[in-house]
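Listed in order, the protein sequences are those of chains A and B. Everything in the first sequence is counted per the numbering used here, starting at 1 for the first residue and increasing by one. Everything in the second sequence is counted per the numbering used here, starting at 1 for the first residue and increasing by one.
Hints are computed from structural coordinates only; laboratory data are not their basis. The reader is advised that the hints may include incorrect statements.
[Stated by the list, open to error] In silico PhoX-like links for lysine-lysine, alpha-carbon gap of 25 Å or less:
1. A:K51 - A:K26
2. B:K110 - A:K439
3. A:K51 - A:K365
4. A:K431 - A:K421
5. A:K439 - B:K127
6. B:K67 - B:K110
[Said to hold, decoys possible] Just a sample of chain B residues kept apart from chain A, beta carbon distances all over 12 Å, derived:
7. G29
8. P37
9. G39
10. A78
11. E115
12. K131
13. D179
14. E241
Each residue gets a CB set at the ideal place from its N, CA and C atoms; glycine is no exception.
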Amino acid sequence: MSTMTQTSGAGTYLDAFSELEQRGSKQPEWLRSLRQEAFASFCDTGFPTIKDEAWRFTSVAPISQTVFSLPEAGPSGVTRAEVEAFRIDGTACSLVFVNGRFAPELSDQPKLAAGVHAGSLGEALAGDTGALELQLGLKLALQNDAFSSLNTAFIEDGACIRIARGTVLEAPIHLLFLSTGAEEPLMFHHRNLIVAEANTQVGIVEEHISLADGVTFSNVVTELIAAENAVASHYMIERKNRQSFHVATLRIQQERSANVSSHSFLLGGALVRNNVHPVFAGEGGECLINGLFIGEDRQHLDNYMLVEHASPRCNSHQYYNGILNDHAHGVFHGRIIVHKDAQKTDSKQTNRNLLLSDDAQIDTKPQLEIYADDVKCTHGATIGQMDDNALFYLRSRGLDENAARSLLLFAFAGECTGRIKPGPVRAHIEKLVRRALPKIIANGEAGDGGEREDKGRNWEEVG
Amino acid sequence: MAMLEIRNLHARVNKQEILKGINLDINAGEVHSLMGPNGSGKSTLAQVLARRETYEVTEGEVLFNGKDLLAMKPEEAACEGLFIAFQYPVEVPGISNSYFLRAALNAQRKYRGEEPIDAIDFIPLLKEKMKLLEMDERFQSRAINEGFSGGEKKRNEIVQMAVLNPSLAILDETDSGLDIDALKIVSQGVNAMRSPDRAIVMVTHYQRLLDYIVPDFVHVLAGGKIVKSGGAELALELEREGYGWIEPALAGAR
Ligand SMILES: Nc1ncnc2c1ncn2[C@@H]1O[C@H](COP(=O)(O)OP(=O)(O)OP(=O)(O)O)[C@@H](O)[C@H]1O
Ligand SMILES: [Mg+2]
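Take these sequences, add in the hints, and give me the full structure.
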């Protein structure tokens, strides 16, 4: 039986939505109406096409033309032993989700410090007394955002983290989203809510892993609210199988003097879109948006940044590096909006790309919309091949070609991992990146040490 | 058998012939100086020996300790004991000097069937060599040549040489652009490496270097050929007279 059906847009999600409506009886009334509103918005909008400015370089046809089912309720079949390999030493707790649902039996939940709550959003919603209504989805614009609408329509579970005023949590919280294989394509709409109240500190690792082959569509929305003077770090690690569709949206709301860093590492998947959308709602905020994408075969990795400066004296720094081999296609689209009142904005955007094969492709696009007059905004992108001079230099000291290539790639990737605070998360990510690189090198054109024409464009602009 | 035997070596780059029949023997324990006007092919010779693919060998052969050097990859030539201190050392961001140098040393040790050296044993070795070249210890954790001054890059090349301990070292204008203090330091580093088992070739334009490192032989490369060879006194002659006086010889060679 073929599970791939030619369909157009929203219709196919109706069955799944009705199914969820029936079993979502434990959900509060306000959520039902939020979900219905979101579903209506999704039906209105439909999936984006490459005519949409924000989707110019990415066709979501493989997603819109596949029928996905919601995973069935019931035991996941995943054992603790399987999960152990994925844990990171030195975390405060690890919350494990299998096929979109919280799996307490697989999670590690030691008693957390006073003021720290980390658990399932589904459970929190079931017991909600009104607090969540004030935060969930409030800052998310659903119009013209099919994926966020879809996610909201299908809110069921995810992580709910709350750091109470003045609490400093030094060890990071690890969220592990695992998917198991299935006969038919499955979809998950993980929804995470992270609230860092005033004067808090927290780090959250959101890691997406496929345990087996199989087509999945994970559509993740994470809302991160950083209240006044909160310091929050978010790490997104995507290492799904090569059949996976993965769309992630990180919506960051920053109040006065909040300091947020977002680190994204796209290391797997077939079609991946990563949206990072911080909004500076108070003065003096700071946001680091750091990312690395490594693609091979026919992977399509799209990084979309929307940085909204809505208040004065905020700094945003975007640094994304891409490494693409074979026929991989990367996208970096960095949109920066500086609103009228956001004077003294300091915004910087840098995208560096290494293309390791003639067929690899990168589309990099800055999009600056500046309505204030006293601002500093710079952006620049480079596209190039591996530096032959450097490669030769390393080899001339005795390193073989693969070792030299891997060292150069690791150095390039290291620009991104180096922006992570030293500690267990950085070590974990460095290990994953190191593991992703040899694959790239083994596939590379080893032995081709000859001069290559530099077809890369290289530009730097200050605007 | 000489350590390095170059026979009728012709090489070209971008279809243009640069080396037009080089013949040269270098024995262990010897120090040679290779001089000659700008563009005569000195660096090309060094790059060919280092096995840079950009330079295409069209004729001739090179034996290094009896082995066919021209059949080797750059890393094999290095592991066989060849070291080039480059005229323009490359900056490699993101890789620290010490990490790189230990990786290189271990690659060479592995090639020779030796155990790898761990960081604990390596750091003192590196520090010792850096001290010899009067380089601040902080350079070990800095990215390879990144942001180094010209002189620092040259000294860093000699540090690498001292750590890798090659049997044949070719120093391509390691003295150019150095002030007299740096020149003394570099010369001291090179002299410390002189040994009956090692050969050193210094490519230079300046007699000044040869005051500190006295060569056994001096060769003049012009128009892609060695047009004159002699002892240390030849360099002095060149210093006094310039290349003009060998011009007739050069013309005759053409
Ligand atoms: N990669 C290259 N591409 C094109 N031409 C080259 C290249 N390398 C060298 N050449 C040319 O080959 C000739 C010899 O250059 P080479 O660098 O070997 O000279 P040199 O003797 O080292 O000179 P100098 O004393 O100025 O360092 C020059 O005409 C130079 O322009
Ligand atoms: Mg030269």
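Given hint A:K26 paired with A:K51 - CA-CA distance at most 25 Å: violated, 40 Å
Holds or violated: B:K67 to B:K110, with C-alpha atoms at most 25 Å apart: holds, 19 Å
B:K131 remote from chain A - nearest C-beta pair above 12 Å: holds, 21 Å
Least C-beta distance from B:E115 to chain A larger than 12 Å: holds, 16 Å
Minimum Cβ-Cβ distance from B:D179 to chain A exceeds 12 Å: holds, 25 Å
Non-interface label on B:E241, tested against every C-beta of chain A at 12 Å: At roughly 35 Å from the nearest Cβ of chain A, B:E241 sits farther out than 12 Å, so the non-interface label holds.
Interface exclusion of B:G39 relative to chain A, criterion Cβ beyond 12 Å: Given that every Cβ of chain A is farther than 12 Å from that of B:G39, nearest at about 20 Å, it holds.
B:G29 remote from chain A - nearest C-beta pair above 12 Å: holds, 23 Å
Pair hint A:K51 and A:K365, alpha-carbon separation not exceeding 25 Å: Between A:K51 and A:K365 the Cα gap is close to 15 Å, so the pair holds against 25 Å.
Agreement of A:K431 and A:K421 with the hint, judged by alpha carbon distance not exceeding 25 Å: Satisfied, since the Cα-Cα distance of roughly 15 Å is no more than 25 Å.
Check on B:P37 being off the interface with chain A, judged by Cβ distance over 12 Å: Given that every Cβ of chain A is farther than 12 Å from that of B:P37, nearest at about 25 Å, it holds.
Agreement of B:K110 and A:K439 with the hint, judged by alpha carbon distance not exceeding 25 Å: Holds, at roughly 23 Å.
Of the numbered hints listed earlier, those contradicted by the structure are 1, 5 and 10.
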